[in-house]
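Asker: Chain by chain, the residues:
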Amino acid sequence: MFIETNVLKTKLLFFCFLIFSAQSLAQEKLYFNQTELGFLYGKGLEQWDGNREKRMDVSFLTFHGARISKNHVVGFSTGFDQYDEISVIPFALGWRGFMGKSGKPKIFAGFDLGGGSAVLEKKVKDEWNKSWYEGGFLVSPSLGISLPAKKGKSALSFSFAYKRQQISQFWGTFIQPGSQTIPNELLPPGFSSLTENNLLFRSFVFRTGIMF
Amino acid sequence: MKSIYTFKAFLFFLSIWVLSSCHDDITTTYTYRTMMPIYLEMSDVRARVFTTEPAKPLDNPGKIYIYENYLFINEPTKGIHILDNSNPSNPINLSFIPIEGNVDMAVNGSILYADNYVDLLAFDISKIGDIKLIKRVEDVFTHMYSHDTGEIITFQDTVISTENPTWQRESGWLMDARMSFSANFSAAAQSYGTGGSMARFTLSNQHLYAVDESTLRVFDVETPADPTFVKPIDLGWGIETIFPFQDKLFIGSNNGMHIYDASTPSSPTRMALYEHIQACDPVVVNEDYAFVTLRNGTSCWNGVNELQVIDIEDPYQPKLKKAYSMLNPHGLGLAGDFLYIAEGVHGLKSFNVSDVMSIDQNQLEFLTNLKSVDLIPGPNSLIVIGPDGVCQFDYSNPSKLKKLSCIKVSNPVNVY
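Residue numbers (this note's numbering), protein chains in the order written: chain A, 1 to 212; chain B, 1 to 416.
Label pairs and their in silico Cβ distance ranges:
(1) D234(B) / W132(A): 48 to 54 angstroms
(2) D247(B) / N184(A): 45 to 51 angstroms
(3) N369(B) / L120(A): 38 to 44 angstroms
(4) N369(B) / W128(A): 24 to 30 angstroms
(5) F206(A) / S410(B): 55 to 61 angstroms
It is worth saying that the hints were derived from the structure and are not from the lab. All values reported here derive from a predicted model rather than from experimental measurement. Where is the CB? At the ideal position from N, CA and C, for every residue including glycine.
Please model the entire structure based on the sequences and the hints provided.
Answerer: If you want it as structure tokens, here you go:
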């Protein structure tokens, strides 16, 4: 799991780079940007008494894409999502589709697929233990409305999205000096135990921002 | 219009997905090392026929025994490797005897004794190419029996992954060093080394003595091919090593050194218990003194790191003669006036101990790049066991060790 996510991150970064390169060569008209700020809302993990606490945190998204036809844009998105104490930087490939006439309010839908990175989370390590976070799979379909500005090509946007983000939390204890190591594929080298919490955050996202 | 339908369909699936799950979830996986109990029927174990197998690469070597020009190297719980060591610069791996549950051995004449879980086996090794099992003494290491039905319990160091939050209470035990030590008949045990100072099987006066963590077991081997079990002697907890010298047995435990009078070999009696603070303590002995290393380690967490010289002229009244501070001493070996100490990760030291009051001033060499846990001063070479494998040194000049060879092993002992 911890290796897979790294590969995922690398692939995503590579895609971002490709799209950026394509953009800079393309005409200005081709470029599409959606930048929004809002909040994530979800119901947290089940507590001991069976209840779930509500979770509401900040969410920022910036989508950069290229128009492939009149109503369709593909590109990538990144941003910042906070889930309780965990800060996540999402990287996703995305699509935006529009319905409506030019110069009028439009309905749009979006779909983002990628991964969230937990690079902002600190690794804690001492003589006996180490704990850290690793990012994971991210999918986020969205719906919204865009209200064009009177002048220029920009628009005010309101989005409603669903976001499913996986994050892994690891807590391991080191092999005590002197213990014989045994070869195995389950534990990373040097560890005698590892607890892996696979967290799945399901959130509704409300954002507002601009498109151009 | 078509795009409207696509859009509606999309909305429909989106809403199903969204509404089906709208709260956070967690799944937890616990992966941990544990000593898994393994239950075996001794009748099955005994039914298996021993056949010598072709040479296998050395893996996780345990006890080493020198017999004529051969080296017998135990691989804990798996069996015994046989190497031709006529040329210590180039030992040749000859064959492997698979013996389940084996952790120790001793050679008496042309008979090899080896434990096989609860039984003691005797092999005729007079023809090294044709080793034969000639006797099995049943039910002697009885502490392994889980109950009376002939089922034994043994432990295997295993890594387990589970989603059960009560994993600590599952059938395994969380692995830590103490567990490893008390379950020392497992592969994880720190029962390496030996033939040297960390031995658990030893031969003296036509008797074979075997120590486990609390008991000394005596076998009469006057007729080497026909070992017979004499009796067990309770020693108290924490027994680690046994070293015979003349008519005495020096038994190292983690809180002291027992001295047993073995002049009646079938019935050793305790002469004294020289107590020290809790520490790991291999022992070697000469006419007048016992040399004991105490170290601070995993199984001996409260220890100090020192070499103690104990006056045993009166074995009923052992007295501390002098203590020398050390770095992290493990096994040790005495060859005449020369004492070699495996200093763990720090290296290997050699001393001239003819004057026990000034050992520190008579350090001959300190090989800091030679990490070691135990050593055996053999007739043709000094055998050093460490993370580099099983290495041999020419020590004909005691103050200047000369490396002859190193047998590479997978999973060498860990130095700490």
